[in-house]
Amino acid sequence: MSDIPRTKRILRSLPSRRAGRLIAKRWRERLGYLALSLFIGWHTIAMMLVPVPQNNPIVRAFRALYQPYLTSLGLDTTWDFFSPIGWGHQFAYVIEDADGKEHAFMPILEVNWLLATRRWSERVFETVMNEPHLYGGYFAAAYCRKHASLKPVAVTLLEIPESRYWPDDHLSGNRPNDPAYMLSNLAVHNPLIRFDCLQK
Amino acid sequence: MTVSLKTIRRGAEKRHMPALATFARLIRESFAALGRAWSQLWFQSMTTMPLEIARMGLGAALIVHYSMAIPYLFEFWSDAGFMPLAVALQSSEPWAFSLFFYFSAPWQLAVFHALFLLSCAAFMVGWRTSWVKWIVFVGKISYEARNPQLAYGADIVVCSLLLILCVSPVGRAMSLDRVRAVRAAKRENLAATVPAYSSPWAGAGIRLMQIQMAVIFFYTGVSKIKWEEWRDGDAVWLVFITNDYYNSLILDVFARQYWLSNVVTYATILVEVAYPFLIWQRRTRPYMLAAAVALHVLIAAFLALIHFSFAMVMGHMSFLRQEWLTRLGAWWKRKIGNMEMIYDGRCGFCVRSMAWLLAFDGLKQISIRDFRSNPSPIVSKARLEKALYLVLPDGRALPGFEAYRYVVLRVPGLWWQIPFFYVPVFSRLFGHPIYNWVAANRGLLSTAIGRHARAVVRRVRL
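Chains R and P, in that order, give the protein sequences.
Residues in the first sequence are numbered consecutively from 478, following my numbering.
Residues in the second sequence are numbered consecutively from 2, following my numbering.
Any given hint could be a false lead.
Said to hold, decoys possible - To be clear about the criterion: a stretch of chain P counts as covered by chain R if any three or more of its residues have a C-beta under 8 Å from a C-beta of chain R, and this derived list gives those stretches:
1. 59–72
2. 77–91
3. 220–233
Think of the hints as simulated: they come from the structure by calculation, not from any bench.
C-beta: ideal position from N, C-alpha, C; glycine also.
Construct the entire structure; sequences and hints are all you get.
Here it is as structure tokens:
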């Protein structure tokens, strides 16, 4: 106690100082409440309006304001899971060996259905199918290396369209989207792009 | 009689005053009512339990998810992979942010990945949660932005929930942070208790997560209604015939009983559209919650969207009522019964060990007795000199290792130790001798710990 200067001691004992501290605490709480309220208001609007289609100027104006927030924090989405179901495509490739023989592969079949890698693989193959010229080279080179034992000459990347079929077709044994069936019928599909393995 | 202008003005003011005052009071009261409604909606004082469940679940999901990414680390997120930085920057949104835009060397990616996985583990167990949560969130958005082609619904769900957890006061319950706080108090006095954390801030976090989940279900339900395949009841069949979700067993069942596929399709829409409206009501909440969780369990089981379903279920946990959790805790406590641990209060090491053990006992299932000051009527002093004892409700007394083994299975906070105590043969083979050695040398250990503690205090003073 004796270490503290006298003036400080007096100041500390003053009731006004204590009151000041109380007021400061109250204001801190109020500011905290205000800041949290502002964030809550802002974020709730973001959550509710992000998925709204941008068909009118009001939504577009909102988008312009919120876009940096949504993009930088990874919140930009429409939450439209499985709508629409759409027409699927499967990715495959054909390795052409030195004897001119063709070996077909559907890489998704090598990925465990239950693991996270399955979802990544689906996304990766979709990316390759969407932009084969941009991403195809990397995968073609990888497949040439992977099947080096076949002495590959070229690799052709394929996109196999899936078909819609109904219970009657299924009961009559028709399974066009069955991976095994797809793999055995690759010849009917048009290639996306062809890469020469020897040049890689 | 003459009336001055001043008097007339004063009279007019007097006449207007009540009207003005009433108007001002009305405005003030309206604002006050709005403020009260706002506070009631957002700032109800609550414990963080629902958020903590979501924290632990999301932390575990992220560890599993990104551990699986280790073999593909450079293929997915480095310049050596299919998405070089230049391509990523070209295809990303203008405001996209990723740490990997700035740290692109493979060793930096590997170091960050290790740090990220450790942070996920710390986030899951609630160690230094107040800053670890931010590393997890920044890491998550960094992976998404560096290779946006990999992201799918689950990633955005996780990002949305993580952001809410970041702005909420998580780590105050069911966490190592809480254990450390309780342990610190118990080190001073074993009987000390630390009140459970509850605050309006936690209430705001829970409400944000609830609204987030309601918004997700609302939009996903409404967007389905737009499409013919959902309206016609064919959507579920069409999902299962796509190669990504191809399931011949389910297709066989649906092909024979197509009405089942229709029912599942319509039930999905019904749950998703009803959820945002009925989840708020007291009576309907349990049913909506059960329906939503069941929907995600089915999605996980039949579409293998396990990560997505688990993240969604963690989000739904925000709707768990406080009283349900309290009732569940009380039921568990009743089922197990009281357990009394008898320890040596003169042994510093024993007291410290008790402080650790009790810090994990969030439900306060274990009562304690120091046999030096309060002798036990069940276990003799001679036996207690040799080992710690646990007295069960039926009067049985378990010594040393067996006491710990019994407690570990029955105290939820200690479940993480089950693998150590319940490995067949090995746990007992090594557990007994280790415990007996520690018990026999507890005086020595107490002295060593005391000396170490004094040295630390001296170092701090210096």
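Now the hints, each set against the structure:
no.: 1; hint: 59–72; verdict: holds (count 4)
no.: 2; hint: 77–91; verdict: holds (count 5)
no.: 3; hint: 220–233; verdict: holds (count 8)
Hint violations for this structure: none, all hints satisfied.
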